[in-house]
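*Asks:* Chain residues, written in single-letter form:
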Amino acid sequence: MTEEIIIAGFGGQGVLSMGKILAYSGIMQGKEVSWMPSYGPEMRGGTANVTVIISDERISSPIVNVFDTAIILNQQSMDKFEKTVKPGGVLIYDPNGITRHPSRKDIKIYSIEATDEATNMGNTKIFNMIVLGGFLSVKPIVKLENVIKGLEKSLPARHHKLIPMNQKAIEVGMELVKEYMG
Amino acid sequence: MTEEIIIAGFGGQGVLSMGKILAYSGIMQGKEVSWMPSYGPEMRGGTANVTVIISDERISSPIVNVFDTAIILNQQSMDKFEKTVKPGGVLIYDPNGITRHPSRKDIKIYSIEATDEATNMGNTKIFNMIVLGGFLSVKPIVKLENVIKGLEKSLPARHHKLIPMNQKAIEVGMELVKEYMG
Amino acid sequence: MGELRLMKGNEAFAEACIRAGVDAYFGYPITPQSEVLEYLMSQKPYETTGMVVLQAESEVAAINMCYGAGGAGFLPVTSSSSPGISLKMEGVSYIAGAELPLIILNVVRGGPGLGDIQPAQSDYFQATKGGGHGDYRLYVLAPSSVQEMADFVLIAKEMAFKYRNPVMILSDGIIGQMMEKVELFDPIPRRTIQEVEKQAPWATTGKKANRERNIITSLDLDPLKQEQHVYHLRDKYSQMEREDVRFEEISTEDAEYLLVAYGSSARICQKAVDLAREEGIKLGLLRAITLFPFPSKRLAELSNQVKGMLAVEMSLGQMVEDVKLAVNCRVPVEHYGRTGGVIHSPVEVLEALKSKIIK
Amino acid sequence: MGELRLMKGNEAFAEACIRAGVDAYFGYPITPQSEVLEYLMSQKPYETTGMVVLQAESEVAAINMCYGAGGAGFLPVTSSSSPGISLKMEGVSYIAGAELPLIILNVVRGGPGLGDIQPAQSDYFQATKGGGHGDYRLYVLAPSSVQEMADFVLIAKEMAFKYRNPVMILSDGIIGQMMEKVELFDPIPRRTIQEVEKQAPWATTGKKANRERNIITSLDLDPLKQEQHVYHLRDKYSQMEREDVRFEEISTEDAEYLLVAYGSSARICQKAVDLAREEGIKLGLLRAITLFPFPSKRLAELSNQVKGMLAVEMSLGQMVEDVKLAVNCRVPVEHYGRTGGVIHSPVEVLEALKSKIIK
Amino acid sequence: MDFKDIIKPENLVYRRSSLLTDKPFSYCPGCGHGTIHRLIMEVVEELGIQEITVGIAPVGCSVLAYEFMNMDMQQAAHGRAPALATALKRLMPDKYIFTYQGDGDLAAIGTAETIHACNRGENIIIFFVNNGIYGMTGGQMAPTTLPGMPASTCPFGRDVNIMGNPLKITELVAQLPGVHFATRQSVHTPRNVRRAKKAIQMAFEVQKNKKGTSFVEFVSNCNSGWKLSPVAANEWMEQHMFPFYPLGDIKVDGNLVTK
Amino acid sequence: MDFKDIIKPENLVYRRSSLLTDKPFSYCPGCGHGTIHRLIMEVVEELGIQEITVGIAPVGCSVLAYEFMNMDMQQAAHGRAPALATALKRLMPDKYIFTYQGDGDLAAIGTAETIHACNRGENIIIFFVNNGIYGMTGGQMAPTTLPGMPASTCPFGRDVNIMGNPLKITELVAQLPGVHFATRQSVHTPRNVRRAKKAIQMAFEVQKNKKGTSFVEFVSNCNSGWKLSPVAANEWMEQHMFPFYPLGDIKVDGNLVTK
Amino acid sequence: MAKVRGAIVVDVEKCKGCGVCVPACPQEVISLAKEVNGKGYHYAYMNKPEDCIGCANCAIVCPDGVISVYKVKLDN
Amino acid sequence: MAKVRGAIVVDVEKCKGCGVCVPACPQEVISLAKEVNGKGYHYAYMNKPEDCIGCANCAIVCPDGVISVYKVKLDN
Ligand SMILES: Cc1ncc(C[n+]2csc(CCOP(=O)(O)OP(=O)(O)O)c2C)c(N)n1
Ligand SMILES: Cc1ncc(C[n+]2csc(CCOP(=O)(O)OP(=O)(O)O)c2C)c(N)n1
Ligand code: SF4
Ligand code: SF4
Ligand code: SF4
Ligand code: SF4
Ligand code: SF4
Ligand code: SF4
Ligand SMILES: [Mg+2]
Ligand SMILES: [Mg+2]
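Chains as they are written, first to last, in the numbering used here: chain A, 508 to 689; chain B, 508 to 689; chain C, -16 to 342; chain D, -16 to 342; chain E, 1158 to 1416; chain F, 1158 to 1416; chain G, 517 to 592; chain H, 517 to 592.
This is chain A alone, in the form it adopts within the complex (with noise of 0.2 Å):
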């Protein structure tokens, strides 16, 4: 197995922390992980990505041109990443802010309505968990414990008493992505 996935967003959307959680989590559970962020001073204001690799093998390239997976939260990125998937691959998107939806017939495309979702739950910071969430409901690439351990690991001590937290907002993401019917 090895999925490669792409999560694009604003700078202040928690892109590069979601894709960290992410590769720690596979780590716990014994996969080969990489994680590959955009960097740099256009990051001001700009958009922010980060190429994550799960596998079972040795990862050869960090640096990938087409994915299993794009997780996709703004205008910038979807025009940028929908045409990287793979045929037979998966899109993930929030809709809110987005003008201009996917249109490729040959991936599946998914939904989430993430940052409405964090509102209601009066936490913006949580936008990022619910996505994930939706991945992994998605694609059951890593098991939830093991999520969990990851957050432990990537969060310093002093946040673990934000981990129920954020593992609710995983569990109502994987509730709340649902198939986009174009």
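Hints should not be assumed to be uniformly reliable.
Claimed, not checked - Derived DEER-like restraints, expressed as beta-carbon distance ranges:
no.	chain 1	residue 1	chain 2	residue 2	range
1	D	30	B	669	20 to 30 Å
2	B	606	D	30	23 to 33 Å
3	F	1367	B	591	54 to 64 Å
4	A	519	E	1312	14 to 24 Å
5	C	181	A	565	38 to 48 Å
6	B	669	H	544	46 to 56 Å
7	E	1415	A	626	51 to 61 Å
8	F	1395	B	674	35 to 45 Å
9	D	218	E	1312	40 to 50 Å
10	C	31	B	587	29 to 39 Å
11	C	217	D	262	46 to 56 Å
Said to hold, decoys possible - Below 27 Å or equal to it, Euclidean Cα-Cα: the simulated DSSO-like pairs (lysine-lysine) are:
no.	chain 1	residue 1	chain 2	residue 2
12	H	519	F	1161
13	A	593	C	145
14	D	339	C	280
15	D	254	B	590
16	A	587	E	1180
17	A	646	A	593
18	E	1384	C	27
19	E	1180	D	191
20	F	1365	C	27
21	E	1180	A	632
22	F	1180	H	519
23	D	208	C	339
24	F	1354	C	191
25	F	1161	C	181
26	F	1367	C	27
27	E	1161	D	191
28	C	27	F	1368
29	A	660	C	27
30	D	208	B	660
31	B	612	B	590
32	C	254	C	280
33	H	550	B	590
34	A	590	G	555
35	F	1180	C	191
For the record, the hints were derived by calculation from the structure and aren't laboratory data.
Each residue gets a CB set at the ideal place from its N, CA and C atoms; glycine is no exception.
Put chains B, C, D, E, F, G and H with the ligands on the given structure of chain A with help from the hints.
*Replies:* Here is chains B, C, D, E, F, G and H with the ligands on its own, set in the frame of chain A:
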């Protein structure tokens, strides 16, 4: 004709400018010349030397290890350069301050009491011109008139009034030099 | 088994420095390697191992702080990225001349000039042939994973003392910025000052009554002595070539064609090898781990086996010269690589192989 | 015929800068090239041609002053010797990246580090392969006489503008310090600011209403654009290789063996050729005048004629790599040379030829 | 009267300087760099010297200043802008030359170039944006970071025992005879903006009269680096930066201002 | 009593410090470098700290200081001695570390390293030999060359309009909180030698107490560069250098000396 | 009754919603919108247009220079 | 009559004849020799040895540290 000359002595003895005047004289006589000094901070208190090559042809290497003529003005230079004279070549030296006189039998050795003569003439600055005169008497490779032209070229205009005195010194040197009898 | 962590290459390098008992880090921020200093500052090793960590006023100051530290027998580390490394060139030449231990990390970005901040491999010449003046060489290691960003600190430490020579770790923006799983080696205690003095009896730790004074210098005004010194350096470099060449071979046993690459390009080439094998092309990869000394001998051997080699590097073609010099014209050698911060894909590499070598 | 003078190489270079209409000199003292600044200051060209002459606070400041001057379309010159040149490497990479005209003189001395102040040729790699970071090249000229120290200023000027690329004049302590006869070319008036603006419409002389603003930068945060820029640079370097290779041949017509050398080493080799011919050995000399672009094509041709080549340079062997890459293994190529400030003699060269090539 | 009726060309009293390009600033929301860019270009516009002015952008957040200022510009290596400016001014003494530099650029790596350009009294303006941090590279400690202030390379706050005291480089260069005018300004309130603009005008005046170097510091926010909202950053700046970096003229007409 | 009878070991009151090697100084006759070397080594000898002292030689005439001072030493790249010293002191806080630098080394190419080591208050001593010229390289203009004073790169005298004013770097660094002690001395008369030695002692005392940086300037002759005999050079120095570089303490115990 | 009336025009798409203009206004005219612009910023707008006196304070502190100011003198 | 008598020993071969010691002597004891040493320098010597008071002024200003000073107290 190619004449390869080393002039060596203390820093303050005018070694470099003697070489320069000789080289300029060569140019005035339509020859090819090169002038290659020792350089750098070791000159401080130490020795200075310059290699002058005067030739009818384009000069290949300006650095040579053996010389047609060595003009030697202190003991250190004697120790270093006596052995570099080509068999059949010429060594000219001022015995002042020399404790170990040259001993080679396969070269022609001349001495010139230039330090004493300069003191006699009441002008230590012309010391090097006396020595130059000695050299020119032994090896008349450039004509005196071209040496004077060389002097004109190498001295800044404001010092041209000193040329007659320098010419005098050269002429004195020509008289003064004498074969050294071991 | 050591501790498992998900870390950036830069962080892994920094953590490994602490664990390896490095004595001091001096550096100046620059993308894409600022995490090295940031990580160190967040860990405060000066409170645990006693390692000195200081943000210098410039790269020039940093490399000269390293000169001071190395001269006293300590193991200093500095890191930067391309423009900052260029500023260190005078200092590097001094340190090589004075024969001091040092680890320098270059997380290469696109150049020349300010260029961009994306990954590149266009500082190969500078690292391997002498960006500074004079006849000197660095021992150059090219990690191609986060794991190696950690592990190579230990190799670098060993080589820095074995040869009393600066070691460069030539990395790039990919390796520096990406996170991977790292198994961290167990911490090695920093040497005490007594141990430093014992390991480096030549160092300037204060003249003891029982020894002559120690002098650290790269100066010898007598050219004959300076030449002897340079010959002594050359002998060290020859010894490196004999004893400490490092490389890795992937699918070379039956290879008919060979990719030669290092660092992150080697990772991409690994995938290209997979793709080629899927198509039935017998492609292998020689990954140079040491760029100086270069694995020339092994390449010469392989040149008797394969039909052609493609040197793949993110530059206009620099390592390719060393490949050519190694194979002695026995097989065609070509270069492929994107540059200026663009990363070539495995597919592009394979295409290049087909068009330039297989034909 | 121009004016005849006996001058040091450094002085001839400085005088030629004034006569060539160079716009500015920025430098910092270092042996063996301090005479360049000293001569300029004694001539006060700022009172005649208007040339700016300034002693900078450091080599780093000097090269960046050159960057500023070049960016405004002027022709700046800087000079230094090995350690000082290393300090300029970041700036040189910027200037190459920003495509600005510049002449840099390196009067090479023995290294590495502070080394000594005697003549050496051990900065060849730095000059030709990129001492700075990124994919860039300098146009590198190697004078071998005082006359050429003057004349090459004109070539350098032409190339600096033809290619909008920095030109390095790679000299050494011999050429810089020795005096020879020079025939000085007649002064060329410095360009007026109007002429500068006409010749360099890209320069930052102040945005006129009738044109877009001009920007001088080496930055492109978009790697695809940066790559295009690097490809553009590469094309210039290829053009140099096609159009502006320079070399000199001595006694090659019937040569069975070939010395390859540059700069002062070529002078020594010239004498070695004479000595060899006296002994009946048919020796020739190819003197590289441009070190980049290197006369590879001509060497490849000569490799069909001669039985072996000896690359002679005052270093551990740097140019020899380019010779090897050029001759494509058709004939044996070896290196000979003293280093660290020691100058080999014609006799030594001949002996080396006999023991390494003729055998 | 509806406000729509007021919005007519003839009633326009303030608009963005026409010497700024259309490209939106790349700065974070609320960053003072933008305001300072605007003011400089307003003065250049008002003096009508666009054709004879060349600016020098640093390495730092304002590395792309040349994309916003509609004039000839050069982008300098980190810390070296005063060296470029020296050359430009000496070659074109009748043009106006300024550098625009951050605190890391000017007071860390560029210390020597700054001090020596000032000491030579180059007829240039150095605009110095002091935000107490390395903005561009992600918030590292700068020479001007306050004692105790956290940054990514001093996450527990600047420890002056290890890292030294913040450097008041403006006071330092003001000691040099070559510096004719040195001042410290801010642009976070309308009042300060107006004063800052006067200072910029004065600096160009000094250059016009070839009196020597003008050194114009702006204490500015780096809300991203400080991890505060823009408005909170400006408040924090008033409370913490100004006591250490007091606003006002430091040297006027070649004379140190005595307080 | 014949003077021969006085010359007995028991009557010896002054001899060259035993911490100087036998190698004759490479300096020109009458050059102050020698005297300053002597004084430093006398103090090291008197304090009994040879075993725990490391000195740093610059690039300059004193590049070979390590051949004369019988102690562990490093030779630094031009201008960078304070960077080396920073590392040495931080790694070995209980050793005494000093640099020995010329005016070109310290105040031109090394300006940034000087200012920042001082600003960090590194616990080191910077011995600064100001002879107003680049001695080693043959007498070029230094940052400290006086107005009108000729040097090989200003053969018609330093023109302050082109080359800037001489830099009083000691006054400048004295402004920095990290500097605990700053003084300017000379060694051309017995009286000045005695004072200079006291200053050196004070500097080691400051380092012992870990109070911060000591900056000890010596105005010294470069008779070769100035093209004067040693005695005339010293007179010239009194007449021309001291008015511009007045002798005396500049900062003591962390406080600027008010005059 | 005010002698002057003013108005501002915010270039909504270029406003970064930094809020620096808000406290700069002596008349408390400006607020940040609940809505976001194309870049996701809560842009500034005149909440109390009638109070604007066209003093330009907001405009001169706006880091992005996205405010234009208009003013009329009312001679009532 | 002087209460102290002094004497100096100059390391003649290492003296560089710079003359700096000459004006430093309060007793005008020192002169430079007409002769030169092995390096060609007119070395310093006690011209008026009887006037030396052993104050060491000469020694502490000697840049090359080639003077040793001896002193005795005369209790006459
Ligand atoms: C030689 C070199 N070193 C380091 C860097 C990385 N770098 C870019 S900007 C910067 C500091 C910017 O800080 P500052 O000057 O304060 O400007 P700001 O971004 O805060 O406006 C650094 C260290 C570089 N580009 N070049
Ligand atoms: C990088 C570099 N630049 C320049 C030099 C040449 N250089 C050697 S010493 C020196 C100046 C010495 O002057 P100063 O520091 O005043 O010492 P002094 O000789 O006067 O005691 C210079 C420029 C060098 N060695 N390295
Ligand atoms: S990082 Fe700081 S200085 Fe840079 S644009 Fe953002 S707020 Fe401004
Ligand atoms: S050149 Fe000057 S500083 Fe150097 S040793 Fe001679 S007198 Fe002293
Ligand atoms: S100050 Fe400017 S950018 Fe910021 S909210 Fe107000 S109008 Fe928008
Ligand atoms: S112009 Fe003045 S009153 Fe009107 S909104 Fe702006 S700040 Fe407020
Ligand atoms: S001061 Fe010293 S070196 Fe100079 S003349 Fe006197 S004894 Fe000799
Ligand atoms: S010891 Fe005193 S009195 Fe005697 S010679 Fe020396 S200076 Fe003169
Ligand atoms: Mg800043
Ligand atoms: Mg000096």
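*Asks:* Hint by hint, where does the structure go against what was stated? Just the numbers, ascending.
*Replies:* 2, 6, 10, 11, 13, 21, 22, 25, 27, 30 and 33
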